[in-house]
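Taken in order, these protein sequences are the chains called A and B.
Going by my numbering, the first sequence opens with residue 1, and the numbers climb by one from there.
Going by my numbering, the second sequence opens with residue 1, and the numbers climb by one from there.
No false leads were mixed into what you were given.
From the derived model, a few chain B residues whose C-beta atoms are all more than 10 Å from chain A:
{"#": "1", "residue": "Asp306"}
{"#": "2", "residue": "Gly330"}
{"#": "3", "residue": "Ala352"}
{"#": "4", "residue": "Pro364"}
Residues from chain A shown here face chain B by an in silico Cβ test under 7 Å; the list is partial:
{"#": "5", "residue": "Phe6"}
{"#": "6", "residue": "Ala7"}
{"#": "7", "residue": "Arg11"}
{"#": "8", "residue": "Arg92"}
{"#": "9", "residue": "Arg96"}
{"#": "10", "residue": "Leu98"}
{"#": "11", "residue": "Glu118"}
{"#": "12", "residue": "Lys157"}
None of these hints come from the bench; they were simulated from the model.
Model, not experiment: these values are computed from the prediction.
Glycine residues also receive a C-beta, built at the ideal position from the N, C-alpha and C atoms.
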Amino acid sequence: MFDTNFAFVWRSLRRLGVPSAATDDAAQEVFVVASKRLPEIRVGYERAFLFATALRIASNARRAFARRDARHDDALDRVVDPTPSPEQLADRARARELLDEVLAALDLDLRAVFVLHELEEMSMAEIATTLELAPGTVASRLRRARELFRAEVARLKGTR
Amino acid sequence: MSELRRLKDDDDLAGALLRAASDDAPAPRSRAAVSAALGLSGAGLGAGSAQAATTVAKTTTIGAKVGTGIALKVGAVVVAVGTVVGVRQITRAPAHEPAQIATPTRRSAVAATRPAPRVSTPPPATTPPEPPPPEPPPLPALPAITPPAPPAITPPATHAITPPAPPATPAITPRARATSTPPPTHSTPVTLAPAPPARHAAPAPRAAPPVEHAAAPEPVVDEPHAARVQSPRVAQSPEPPRVAQSPEPPRVAPSPEPPRVAPEPPRVATAKLPSLSDEVGLLDTALAALRARDPRRALASLDTYDARFPAGKLAPEAMVARIEATRAVGNTARTRELAAKFLATHARSPLAQRVRDVVRSLPP
Chain A
1 MFDTNFAFVW RSLRRLGVPS AATDDAAQEV FVVASKRLPE IRVGYERAFL FATALRIASN
61 ARRAFARRDA RHDDALDRVV DPTPSPEQLA DRARARELLD EVLAALDLDL RAVFVLHELE
121 EMSMAEIATT LELAPGTVAS RLRRARELFR AEVARLKGTR
Chain B
1 MSELRRLKDD DDLAGALLRA ASDDAPAPRS RAAVSAALGL SGAGLGAGSA QAATTVAKTT
61 TIGAKVGTGI ALKVGAVVVA VGTVVGVRQI TRAPAHEPAQ IATPTRRSAV AATRPAPRVS
121 TPPPATTPPE PPPPEPPPLP ALPAITPPAP PAITPPATHA ITPPAPPATP AITPRARATS
181 TPPPTHSTPV TLAPAPPARH AAPAPRAAPP VEHAAAPEPV VDEPHAARVQ SPRVAQSPEP
241 PRVAQSPEPP RVAPSPEPPR VAPEPPRVAT AKLPSLSDEV GLLDTALAAL RARDPRRALA
301 SLDTYDARFP AGKLAPEAMV ARIEATRAVG NTARTRELAA KFLATHARSP LAQRVRDVVR
361 SLPP
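Only chain A is shown next, with the shape it has when bound in the complex (with noise of 0.2 Å):
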């Protein structure tokens, strides 16, 4: 489970908003509560239930990190790779950024539905399991997601 899902796992929570800095000990906690209730994981949907772990997690990492003095994890996200990588490097690691910063003005559940859909490229259906939620509502998050996103895109690029 830990070898096929980590990536998985740890993609979720980095696009979830856990600061980089967090991820893998937030990773660490999906995987530990998913071992205490092993039992209770039914088989194929594993992935269901580290999902939803996750969004548990990432959403209480972020209000601790809202809590902890800010500054300080900002700082850490701030620092983008300064050796003289490529700029195309550089170009992927700013538009993560910028990514992430737009997915920030999303509702956790809105942000779950839009991150499944449009990174993990899950289907509807999948997603409805996923997250245990009626097909409806999936899609109807989505596309609420969807114009939310545009619209930080559009704002984004008013900004800069």
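Assemble chain B onto chain A, guided by the hints.
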């Protein structure tokens, strides 16, 4: 349910942002660190080391921001050192605090779930059983995008948390051997040993300077600063692993023993540990020079590195740094040559993309 086309297929800013994230993946070292902390990897991880690994995992992530591949491996090396040191605690930057608080619970949680032998073993010295893994874990580059279908996991997956143990920490090797070597070899050639006893008080908060410097995102890269960062680490880095290997404190006292010039083969395991931090130090100097736009100084450091560590653990990173420095001094032909050499042997390395990008950015 009809599927919408995905935004990342759009040719606009939104699409571009999403595409940028599509290949975002944890560093292999992240995986190793977390897996180690969870007790999934190579046996012999003491309780303390799990904690160190977690803490360092964080450092690793921070490192990732600083200098992608190189800092990563630096972090990993630190994981290695941290693992060996075991009981050493890395209490420092506020960012580390949650790990400190959280890990004990987590570890006990893991222990509760799996009757794993290693989770509860206290100090590193007592756990030598693992046959030394010969190589630092190859850690396959992660599949960038995991298969979307959840049922990919087979029934035994329920127990899957336990078995796979690929990323055995390289450090285990040396430790296992080190503990079995009878004499308390003090491998450091120089060792000014600034107050080793204090470090012996195990979880002393000051145990970590090398770690911190190794991966801390130092945005300031002016030359004097780099030098400052560099020197203390090199000065004291060699000994923490060694100190940690000796379970009882009294052994520390006689540490400044100059006689050993070059470690002879059987002792390499012991000697290797300090050299890791030396490697990190040199590479760090080179990187700092690169950042300070002083590629010549970087190249000089890299020459020293190559001379001292012909088979260094960070050789690929050093090579990439050299490639970048060579490009920075404007030697296009040599850059191509080095890049080709690197790609020939490390085509699947996480650093390969970086090298390809360098090549692509070269003037025709």
